[in-house]
Structure formats: C-alpha cells, structure tokens
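K.L.:
As you go down the protein sequences, you meet chains X and B in turn. Numbers 1 to 103, taken from the numbering used here, label the letters of the first sequence in order. Numbers 104 to 410, taken from the numbering used here, label the letters of the second sequence in order.
For the record, the hints were derived by calculation from the structure and aren't laboratory data. Worth double-checking, as some hints may not be accurate.
[Said to hold, decoys possible] Non-contacting residues of chain X with respect to chain B, defined by C-beta distances greater than 10 Å in every case (computed):
| hint | residue |
| --- | --- |
| 1 | G21 |
| 2 | G29 |
| 3 | R30 |
| 4 | R38 |
| 5 | F90 |
[What the hints assert, rightly or not] Restricting the straight-line Cα-Cα distance to at most 27 Å, the calculated cross-link-like pairs of lysine-lysine (DSSO-like) are:
| hint | chain 1 | residue 1 | chain 2 | residue 2 |
| --- | --- | --- | --- | --- |
| 6 | X | K77 | B | K403 |
| 7 | B | K371 | B | K403 |
| 8 | B | K217 | X | K77 |
| 9 | X | K77 | B | K348 |
| 10 | B | K371 | X | K50 |
| 11 | X | K77 | B | K402 |
| 12 | B | K217 | B | K403 |
| 13 | B | K402 | B | K348 |
| 14 | B | K226 | B | K407 |
| 15 | B | K226 | B | K402 |
| 16 | X | K50 | B | K348 |
| 17 | B | K407 | X | K77 |
| 18 | B | K134 | B | K121 |
| 19 | B | K371 | X | K77 |
| 20 | X | K77 | B | K226 |
None of these values were measured; they are calculated from a predicted model. The beta carbon of each residue, even a glycine, is placed where N, CA and C say it ideally should be.
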Amino acid sequence: MGLLDLFSRSSRKALVHLPSGSFTMDREGRIMTSTLPRSFPEQFALEIGKQVLTCFRGAERAHVQLSEIVIQFSALKILARELRGGAIVFLMPQVTSQSVKRT
Amino acid sequence: MLDAEPFNMLIVDLNMPKMDGLQVLSIVRRKHPHVRLVVLTGVRDEQFRTRAYAMGVDQYWIKPESDQEVGLFMESIESLLSREEQGGFRGVQSKSLVDIIQLECLSQASCLLKTSNGLIEGKIWINHGEVTDAEAAGLVAEAAFQRILAWKTGSFEILPADETRERTIMDSYQGLLLNSAQALDEATAQAPSPEATSQATFALADISQWPGVEFAMAVRGRKARDYYGIENPGPVGQWLEETLKNFQELGDYLQVGQLQEVVGSGPKRKIAMATLSGSQICIGFPANVPPEQLRDTFKKILEKWAC
Numbered sequence: 001m002g003l004l005d006l007f008s009r010s011s012r013k014a015l016v017h018l019p020s021g022s023f024t025m026d027r028e029g030r031i032m033t034s035t036l037p038r039s040f041p042e043q044f045a046l047e048i049g050k051q052v053l054t055c056f057r058g059a060e061r062a063h064v065q066l067s068e069i070v071i072q073f074s075a076l077k078i079l080a081r082e083l084r085g086g087a088i089v090f091l092m093p094q095v096t097s098q099s100v101k102r103t
Numbered sequence: 104m105l106d107a108e109p110f111n112m113l114i115v116d117l118n119m120p121k122m123d124g125l126q127v128l129s130i131v132r133r134k135h136p137h138v139r140l141v142v143l144t145g146v147r148d149e150q151f152r153t154r155a156y157a158m159g160v161d162q163y164w165i166k167p168e169s170d171q172e173v174g175l176f177m178e179s180i181e182s183l184l185s186r187e188e189q190g191g192f193r194g195v196q197s198k199s200l201v202d203i204i205q206l207e208c209l210s211q212a213s214c215l216l217k218t219s220n221g222l223i224e225g226k227i228w229i230n231h232g233e234v235t236d237a238e239a240a241g242l243v244a245e246a247a248f249q250r251i252l253a254w255k256t257g258s259f260e261i262l263p264a265d266e267t268r269e270r271t272i273m274d275s276y277q278g279l280l281l282n283s284a285q286a287l288d289e290a291t292a293q294a295p296s297p298e299a300t301s302q303a304t305f306a307l308a309d310i311s312q313w314p315g316v317e318f319a320m321a322v323r324g325r326k327a328r329d330y331y332g333i334e335n336p337g338p339v340g341q342w343l344e345e346t347l348k349n350f351q352e353l354g355d356y357l358q359v360g361q362l363q364e365v366v367g368s369g370p371k372r373k374i375a376m377a378t379l380s381g382s383q384i385c386i387g388f389p390a391n392v393p394p395e396q397l398r399d400t401f402k403k404i405l406e407k408w409a410c
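Kindly produce the complete structure, drawing on both the sequences and the hints.
P.N.:
Here it is in structure tokens:
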C-alpha cells in the first residue's frame, strides 16, 4: 500500500461536493447524528451548526421566537429546526441551469 | 504571480494540489476583481458549475475532447482577451453600471445586460450600441433604466442579444445616461435633512401598511435604524445585523455564493431578512402566511426599498 501511495494523488485537496442530507446537533454544538457522507468535512457541518445555533440564541435574546430558519444562498439552501436547544439541519444544494455568457 | 504582475485572465482547474479551484476563485475574485476568471476542468458536475458562477467566474468549460471543442475554447478565450485589449470592461466591483453601459454602447455591441441587486433583477436591452428597452421592479423603458442606475451595488451578467425585442427607448444612450444622472442628482438633493423624518422611515411606514406585514425594520450601521411596528428595535436590530453578517461569512466559507435571504418561522410570526444596497432589511409576517406569499411579498418589498 505504501508503494501505491507514491503514485496516488493524495497530495491533491479534494473538491468538497455539497451533499443533500441532514444532521442533528446538541445544545453544545456537537454533531449527534448525520446522514451526510463521510466525504463531507465535519468542520463544515460544525460551522453550519454553530451559525444556526448562534442565530436561534440571538433571536431568543431579542425576544423573537423562532423554531425554524431557512437560509438561501445562490448555490445552497439550509433549513434548520430548533430541537430543545440543539437543532436538526437539512442541506439542499441548489443547481441552476447553465448560464450563457456572451463575452 | 497575480500580485507581482498584472494579468488579464486566470484559467483555473477545480482539482489542484494544495488548494482547490473554488478556493482560488474566491481569493482571486476578492483580491483581483479585474481579472477575468475561466474554469477549465474535467469536473462534470452541475453543482460545481453553479457554485463557480455564483462566485463570479466568466466562463465554465469542460476540458475539450475534440479539435472542434479546442477551437471553440480558444475562440472564446480570444474573444474575452480581445475585448480587454479594446478597452472593454471588467469588474463587478471595479466598474459602475454606467461604465459598463457606455462601454457596450461605444463598442456598438448588441446584448442583454442582466443586473441584480439582491433578489431584484433588472434587464437592459442594447442593440447595435443603443439602449432600446429596460425593465425592473415592475417598471419598463426609461423609468426602469433610471431605477437600475440608482442601485448602488449589485452584479451583472451579459447575455446574448434579443434583437426581436421591441424598442421602447428612443433617446440616444448619451442622452439617456445624462437624464438618469440628472434625475439621480435631483433625488439626492431633495433628500431630507437629518432633523427631518428620514426617507427610510417613510418607506417603512408605507411598507408596514402592506397586507400581511406586521413590522418592518432597516439597519444601516450601528446607529442608523429605521423601524415601524416593532416593540424592541434595539435587540432585534443587533440580531438582524449579526445574523446576516454571520450567514454571509458562512456562505463565503462554504463557497456557495451570495446570501439571498433568511426566513425564520416561529409560533407567533414569520420573519424575512436580506441585505440590500448596504441596508439590512427585516420584515415580520403573521405565522400563518403561506411561504410562497411571504417570498412574493418580501421580493416586492425589496423592489420598493431599492427605489
């Protein structure tokens, strides 16, 4: 295996494909369960979860009661539901039809 | 290399050692907004194409596999570079919309200039170097053109010309730009003094009367907060600012393009938030408003706000 590693492309940093799937977090921001593939870096899920929990807690402090948030980016939709201080988070990559650019 | 020498174009693969192509695109777009970006990759994945365009690339090419495809690719690259040599434009961030329109018209081009300011879209039709039609926020012709030019920020995309589009603007492009500049100057001169009730407050008061709208808030920096129908503007304004900032940073980190909107739902109400022209907008709706209706109303509100 060591010999094969010499010929592999292990030095390449793989592109991160955004998966469809979900994960749950506890109130401390730890991932409890996940349907995301292992290829999806845990750090990404942790960062998403951190911002989601920050949003829910900020809303609570501002006396805005929220149980669900939907965050829409150009290429990703995130839906998060509050779960007893934690959250369940759904990732939905958005794919648009090819844009034609004249230059 | 880009820091050391002035380059016009960067052709980048998505799979590379040390750093992936999306990271490269993100850094180059931020540090060198004038550089044209072309992705040339073997990655046949619509998601990466979408994300690359969301990050502002000019073109996304699958690696050519035949002489014909190589020819098309080279032609496209030469076209991009020749425009640069002819003094063409570049830069969502470095050029104003007026610059772009002038450059298109001066080069006698025909194209459809699609612009967006947050969720709001505008279109300007240019045929043989003349602006022939425009539409934005429910307006058409010259009124739409002036509305688009009033946007302070946004992005644009140049699409193939639609020569069948009926001409509604008869003025020359120079006259049109002059009229629009005058209209903008007059609007700026008529802006109320700080002592008077702000224009934004008037706009929010109007928006708050829309069917289904419970409250409205706009934040521009720490001190400039306008609101209507809201009991605790301080904490809500702070939360609004932090939330939109945090999620935009998350979008940059995940390389998924611009944050378009955030919609929150609770037992008492729903809330929609977005950043538009440097302001953070937050609108409250009843809890039972259907999602489609909320998005439709929010989009119309943003269009009005962009006015």
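K.L.:
It remains to establish, for every hint, whether it holds in the given structure.
P.N.:
Outcome of the hint check:
Separation of X:G21 from chain B is adequate, the least Cβ-Cβ distance of about 14 Å exceeding the 10 Å criterion. Chain B leaves X:G29 outside its interface by the beta-carbon criterion, the shortest separation being 14 Å against a cut-off of 10 Å. Every CB of chain B is more than 10 Å from the CB of X:R30 (nearest about 18 Å), matching its label as outside the interface. No Cβ of chain B comes within 10 Å of the Cβ of X:R38; the nearest lies about 18 Å off, and the non-interface call holds.
Non-interface call for X:F90 relative to chain B: holds, since the shortest CB-CB distance, roughly 14 Å, exceeds 10 Å. About 21 Å separates the Cα atoms of X:K77 and B:K403, which keeps this hinted pair within 27 Å; it holds. Note on B:K371 and B:K403: the hinted pairing holds, with a Cα-Cα distance of about 23 Å set against a maximum of 27 Å. With a C-alpha separation of about 23 Å, the suggested pair B:K217 and X:K77 falls inside the 27 Å cut-off, and the hint holds.
Between the alpha carbons of X:K77 and B:K348 the distance comes to roughly 17 Å, so the proposed pair stays at or under 27 Å and holds. Straight-line distance between C-alpha atoms of B:K371 and X:K50 comes to about 25 Å, which keeps the hinted pair within the 27 Å bound. Between X:K77 and B:K402 the alpha-carbon distance is near 17 Å, which keeps this suggested pair within the 27 Å criterion. Taking the CA atoms of B:K217 and B:K403, the gap is about 18 Å. The hint holds against a cut of 27 Å.
Of the pairs offered as hints, the one joining B:K402 and B:K348 holds, with about 20 Å between alpha carbons and a cut-off of 27 Å not exceeded. With a CA separation close to 17 Å, the supplied pair B:K226 and B:K407 stays within the 27 Å bound. Under the criterion of a C-alpha separation no larger than 27 Å, the hint pairing B:K226 with B:K402 is consistent with the structure, at around 17 Å. For a cut-off of 27 Å, the pair hint linking X:K50 to B:K348 stands: about 14 Å separates their Cα positions.
At roughly 25 Å between alpha-carbon atoms, B:K407 and X:K77 fall within 27 Å of each other, so this suggested pair holds. The straight-line distance between the Cα atoms of B:K134 and B:K121 is roughly 19 Å, inside the 27 Å bound, and the hint therefore holds. Between B:K371 and X:K77 the alpha-carbon distance is near 24 Å, which keeps this suggested pair within the 27 Å criterion. The suggested pairing of X:K77 with B:K226 holds, with an alpha-carbon distance near 26 Å, which does not exceed 27 Å.
Checked against the numbered hints given earlier, the structure satisfies every one of them.
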